[in-house]
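Enquirer: Place chain B on chain A using the hints.
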Amino acid sequence: MAEANKKDLILDINDLVIHYETEDGVVEAVNGLDIQLEHGKTLGLVGETGSGKTTTALSILRLVPDPPGVIKNGSIILDGKDVLNMPIKELEAIRGNLVSMIFQDPMTSLNPVLTVGEQIAEVIALHEEGGEKEAAQKAGDMLEVVGIPRERYGEYPHQFSGGMKQRVVIAMALACNPKLLLADEPTTALDVTIQAQVLETMKQLREKYGSAMIMITHDLGIIAEVCDEVSVVYAGQIVEHGTLEDVFESTLHPYTEGLFGSLPNIEERRERLQPIPGLMPDPTDLPKGCCFAPRCKYCTAECEKARPEKKWVNDTHYVRCTRYNEPDFKIERSER
Amino acid sequence: MSRYILKRLVMLIPVVIGVTFMVYFILSLSPGDTAAMIAGETADAETIEAVRKDLGLDQPVIVQYGKYMLNLLRGDMGQSYKSKRDVFPSIMASFPNTAKLAFWSILVAVGIALPIGIISATRQYSMIDNVGMVAALLGVATPNFWLGLMLIILFSLNLGWLPSGGMGGWKNYIMPAITLGTGDAALITRMTRSSMLEVIRQDYIRTARAKGVPEKKVIHKHALKNALIPVVTVIGIQFGSLLGGATLTETVFAWPGVGRIVVDSIKSKDTPMVLGAIVLLTITFSVVNLAVDILYAFIDPRIKAQYKRK
Numbered sequence: 198m199a200e201a202n203k204k205d206l207i208l209d210i211n212d213l214v215i216h217y218e219t220e221d222g223v224v225e226a227v228n229g230l231d232i233q234l235e236h237g238k239t240l241g242l243v244g245e246t247g248s249g250k251t252t253t254a255l256s257i258l259r260l261v262p263d264p265p266g267v268i269k270n271g272s273i274i275l276d277g278k279d280v281l282n283m284p285i286k287e288l289e290a291i292r293g294n295l296v297s298m299i300f301q302d303p304m305t306s307l308n309p310v311l312t313v314g315e316q317i318a319e320v321i322a323l324h325e326e327g328g329e330k331e332a333a334q335k336a337g338d339m340l341e342v343v344g345i346p347r348e349r350y351g352e353y354p355h356q357f358s359g360g361m362k363q364r365v366v367i368a369m370a371l372a373c374n375p376k377l378l379l380a381d382e383p384t385t386a387l388d389v390t391i392q393a394q395v396l397e398t399m400k401q402l403r404e405k406y407g408s409a410m411i412m413i414t415h416d417l418g419i420i421a422e423v424c425d426e427v428s429v430v431y432a433g434q435i436v437e438h439g440t441l442e443d444v445f446e447s448t449l450h451p452y453t454e455g456l457f458g459s460l461p462n463i464e465e466r467r468e469r470l471q472p473i474p475g476l477m478p479d480p481t482d483l484p485k486g487c488c489f490a491p492r493c494k495y496c497t498a499e500c501e502k503a504r505p506e507k508k509w510v511n512d513t514h515y516v517r518c519t520r521y522n523e524p525d526f527k528i529e530r531s532e533r
Numbered sequence: 006m007s008r009y010i011l012k013r014l015v016m017l018i019p020v021v022i023g024v025t026f027m028v029y030f031i032l033s034l035s036p037g038d039t040a041a042m043i044a045g046e047t048a049d050a051e052t053i054e055a056v057r058k059d060l061g062l063d064q065p066v067i068v069q070y071g072k073y074m075l076n077l078l079r080g081d082m083g084q085s086y087k088s089k090r091d092v093f094p095s096i097m098a099s100f101p102n103t104a105k106l107a108f109w110s111i112l113v114a115v116g117i118a119l120p121i122g123i124i125s126a127t128r129q130y131s132m133i134d135n136v137g138m139v140a141a142l143l144g145v146a147t148p149n150f151w152l153g154l155m156l157i158i159l160f161s162l163n164l165g166w167l168p169s170g171g172m173g174g175w176k177n178y179i180m181p182a183i184t185l186g187t188g189d190a191a192l193i194t195r196m197t198r199s200s201m202l203e204v205i206r207q208d209y210i211r212t213a214r215a216k217g218v219p220e221k222k223v224i225h226k227h228a229l230k231n232a233l234i235p236v237v238t239v240i241g242i243q244f245g246s247l248l249g250g251a252t253l254t255e256t257v258f259a260w261p262g263v264g265r266i267v268v269d270s271i272k273s274k275d276t277p278m279v280l281g282a283i284v285l286l287t288i289t290f291s292v293v294n295l296a297v298d299i300l301y302a303f304i305d306p307r308i309k310a311q312y313k314r315k
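Protein chains in written order, with this note's numbering: chain A, 198 to 533; chain B, 6 to 315.
Read the hints as simulated data drawn from the structure, not as lab findings.
From the three backbone atoms N, C-alpha and C, an ideal C-beta is built for every residue, glycine too.
Hints are not guaranteed to be accurate.
To be verified - Derived DEER-like restraints, expressed as beta-carbon distance ranges:
| no. | chain 1 | residue 1 | chain 2 | residue 2 | range |
| --- | --- | --- | --- | --- | --- |
| 1 | B | Gly-116 | A | Pro-309 | 26 to 36 angstroms |
| 2 | A | Ala-290 | B | Met-97 | 55 to 65 angstroms |
| 3 | A | Gly-328 | B | Ile-308 | 30 to 40 angstroms |
Pulled out of the complex, with its shape left as it was, chain B reads as follows:
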């Protein structure tokens, strides 16, 4: 199994190269003169040219990218064009904020989704099932930024119960975590339901019932563990993308996280900052996926046996 993990970690290298390459070129294609933006609105042509040369922006894009990658290999993510500070520490300063939010959001999502998904499946076409599925549909269809804004209007502006943004006490977590959590919950609920529905029709569930296992235990002991694999996959993917920073939600709630860095940096064409955030996102996403794959082995002995053979 450790060989398998090592193999997966080595696979990260081509993934990071591919992702940074694409992002670098897309950014270079986007309109606007980077040097002019950094030099400022009042700068004259000479200053702009000096900035361009200073940042190496006068060279071809492929050369710029090559230089960036060489530095990255040495562990140097460069400096922000805008603030002139080192990229790595700036991103690492905001990553814990994003991670904390991601943790609470996924907790909200799983806390809502698993019970509703299980109940919907065991009482298919019942009132609870129908209400749950309509709610899940609404949850998937609702854009996070809109839900966030509506929550701010209701709880911050009108009722004044919760702070509208920033990071302070636990109260600051409630609205962003609910905004992110409900959206993810919708997908996880649907996945749990369909996976459970498939499992409870299996022969081994009938065997369990024929043994006299009480219905509750049939669901929790025999069905749930089998139904969990696709659900864990979805939770993993969503947790991974939350760790990469929920750009819109962080912007709406003025959350000092990675997502906001990405948005701000793209706006100001701060390429090193964007790339730094993207590299971090890629790595966390891959590591979370790997963690999910390892988790499978603990859920399903058949998968564990496969890993051993690799």
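Chain A extracted, bound-state conformation:
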């Protein structure tokens, strides 16, 4: 991304490195990850379980559990503010206000002994002027915005279904009109029918409030539906980044291609799914070279020597793959 428009960034993460230092070894969760996100845009972070997506999102709120999590390197600039060197008071002031997060499992992310209304009103009372009464009033409004009747304000989470709980979590996250919304697999724990509803609600609300969003998912369908840009994460690093079109139409990285290959195609049911062979490398013992090399059919001796650098193919699209140093290198792409 060009230097000129850096001012418009809501989020600028550079060379982020996060380790979990446990007794059994150092887990290298995030390894030199960059994110540049403009105001109002949506970025999709795709990758397998354990690729460091959630850790990245938590680090933006500085909520990586410490110990064992340690942010070893990098910078996170959120709306011009340096998150990693912020006093805790200031941090508490931006959490839930400037940036908020929707968590993966709605079943466990609400406090069982507080009413849903109280939990929404709390975030409003913390960050906005006005008393408890106004906060309660606005919390009721938020419930209605996400399609829950105001009368259910005084009910407890155990009286709600999974989809309803996730709506409450969304209401909580959007209550203070955050400039950045972090959505960590917001629909993974929900039924497919409820997924669509929740996604639609999120999309509408995001448009209404103009928030930027990072959508963490392993579902390429969700990415195609809600995102402007995509970053494909593998072993704590972005291996391919571009606009939705760049990544979907002119896929460059063999891993990205592998992800598409393992998607079922509704029109062409004859073809067998093609899983990516092998497993993600052990994060306590990452390879010295390209982390994807052991599973990659294009792998050469060169790939195993050093971590690949970013290679920009146009203004918006880059890939980290050593083979693209060869001018005529192309990957095979399946029909879709």
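Expert: Same frame as chain A, but now just chain B:
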């Protein structure tokens, strides 16, 4: 909910029958001739036999127990073999003393345990945590009677600050309450710590932090209430057993409570007195447990919903 409470109170009846049955037979198995003990050391064989017949001790144990239970159903706990006074009023006279001591002891215990448990959990493996946990271990391992005796030696004998026993002013409460309270505090501290540690790892605590809730409020508003349920259980059980009389501690401090009645009566094989105290203990213990269960409902709305269905 009132149906639930009624059900629990009805359940008390079989519990009382079971407990008295066991105590009655254990007492009858213990060595020594009751009639001889009551008649006195100088009594001749004839007098002893007369006493035996008078108290109904010549009949089989099961018959004796049956008679006792019939009387109990009529609200008659019988008379003490030794003092010949009615059991119920004698026990009720000393119960308030035990209750007062139990109240202050549990206050000491909770006052020490909750803050230390919470701090230990929020600063796991810190200096405070380590010191607190070693102290709790010592507290659990220290026998109450020994601690009581040590306190008497230090504060009564050597320093002369506090009375060594009996019940008078507030000064008399200090040592027994500390003796009982510290022992209980140890267990409650450990329970608070482990329960808090579990709760602060929950997703909803992360949600609270992500909302920008200040850390202190995260602990007090979001974590504590969730962590309290197992802690309340332990406090309830300990308070219940304190109400039943802390036998050893009451003996050490010559405290005129139920616990001392139990010890004295067992020594003199005064069966009606022992049984009376045990029945009272059983009932208070069960009622305290019921109170704890009702308290749950106010802490956790999910439990309240369950009670409503019953």
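Enquirer: Given the range 55 to 65 angstroms, decide if the beta-carbon distance of A:Ala-290 to B:Met-97 lies inside it.
Expert: holds (60 angstroms)
Enquirer: Holds or violated: 26 to 36 angstroms for the Cβ distance of B:Gly-116 and A:Pro-309?
Expert: holds (28 angstroms)
Enquirer: Taking the CB of A:Gly-328 and the CB of B:Ile-308, does the distance hold inside 30 to 40 angstroms?
Expert: holds (32 angstroms)
The earlier numbered hints are all upheld by this structure, with none contradicted.
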